[in-house]
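Engineer: This is what each chain is made of:
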Amino acid sequence: NAGVTQTPKFQVLKTGQSMTLQCAQDMNHEYMSWYRQDPGMGLRLIHYSVGAGITDQGEVPNGYNVSRSTTEDFPLRLLSAAPSQTSVYFCASSFWGADTGELFFGEGSRLTVL
Amino acid sequence: GENVEQHPSTLSVQEGDSAVIKCTYSDSASNYFPWYKQELGKRPQLIIDIRSNVGEKKDQRIAVTLNKTAKHFSLHITETQPEDSAVYFCAASIKVTDFGNEKLTFGTGTRLTIIP
Chain A
2 NAGVTQTPKF QVLKTGQSMT LQCAQDMNHE YMSWYRQDPG MGLRLIHYSV GAGITDQGEV
62 PNGYNVSRST TEDFPLRLLS AAPSQTSVYF CASSFWGADT GELFFGEGSR LTVL
Chain B
41 GENVEQHPST LSVQEGDSAV IKCTYSDSAS NYFPWYKQEL GKRPQLIIDI RSNVGEKKDQ
101 RIAVTLNKTA KHFSLHITET QPEDSAVYFC AASIKVTDFG NEKLTFGTGT RLTIIP
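These protein sequence lines map, in sequence, to chains A and B. Quick note on my numbering: the first sequence kicks off at 2 and runs consecutively. Quick note on my numbering: the second sequence kicks off at 41 and runs consecutively.
No lab work stands behind these hints: they were computed from the structure. For glycine and all other residues, C-beta sits at the position ideal for the given N, C-alpha and C. One thing to keep in mind: the hints can contain errors.
Stated by the list, open to error - Computed, partial: chain B to chain A, Cβ under 7 Å:
(1) Arg83
(2) Pro84
(3) Pro122
(4) Asp124
(5) Ser125
(6) Val127
(7) Phe129
(8) Phe146
(9) Gly147
Could you put the whole structure together from the sequences, leaning on the hints where they help?
Structural biologist: Structure below.
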């Protein structure tokens with residue numbers, strides 16, 4: 002199993018550009034989520050999904066869209082990039098929500114917005 | 041929403057000594073408390089977790105304690121080794137729907153350095 006795979010690993014955008022961070026998992030996890038990690042602020046939840054067709058907002062959802070058309074994929078879309086969205090983004094998945102055990106993280110995607 | 045505070049932000053200990061990291065949470069409905077370790081440039085990985093019906097859990101050199109009344113929980117690492125150097129995150133989760141605990145709130149992290 003590859004686990005949780007994120008692409009791209011690095012991306013530089015200009016303000017106002019849009020892009021999609023891809024996330025795929027091959028563990029048949031119902032739960033998938035996106036976090037951003039900023040220095041001194043820990044990991045903050047952006048959006049999450051508990052199954053195909055079901056998504057909900059986390060702590061910092063503004064400026065981001067998600068969709069979940071399949072169990073395996075959970076892309077994160079930046080609609081109009083802003084410098085405040087410069088961060089490291091992690092996708093994570095687990096069985097039936099975080100209470101059931103381990104969150105499996107991808108390797109992260111480092112995004113810089115100029 | 042849930043708020044998790046973590047202290048200290050940095051911690052240096054001599055190799056072989058113990059390290060303790062403390063977290064407090066705000067929502068008394070939180071019932072799941074994991075700890076993640078993140079080595080430099082790597083992804084976070086679960087090292088231990090505890091549920092609200094348990095007061096303490098151990099796994100070799102690592103232990104977590106939970107005080108529900110005071111709403112705080114702690115990570116204890118004994119006999120520290122150089123490979124324990126990393127950033128450690130606590131987290132708290134509240135059950136939102138019947139599916140499970142979907143919203144995991146993380147602390148701001150503790151950078152632990154083991155001095156040889």
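Engineer: Now, for every hint given, state plainly whether the structure supports it.
Structural biologist: Right, here's what the structure says about each hint:
1. Arg83: 4 Å, holds
2. Pro84: 5 Å, holds
3. Pro122: 23 Å, violated
4. Asp124: Since the shortest Cβ distance to chain A is 19 Å, the answer is violated.
5. Ser125: 18 Å, violated
6. Val127: Violated: closest Cβ of chain A sits about 9 Å from Val127 (chain B), beyond 7 Å.
7. Phe129: 6 Å, holds
8. Phe146: At 4 Å from the nearest chain A Cβ, Phe146 (chain B) passes the 7 Å test, so the hint holds.
9. Gly147: 6 Å, holds
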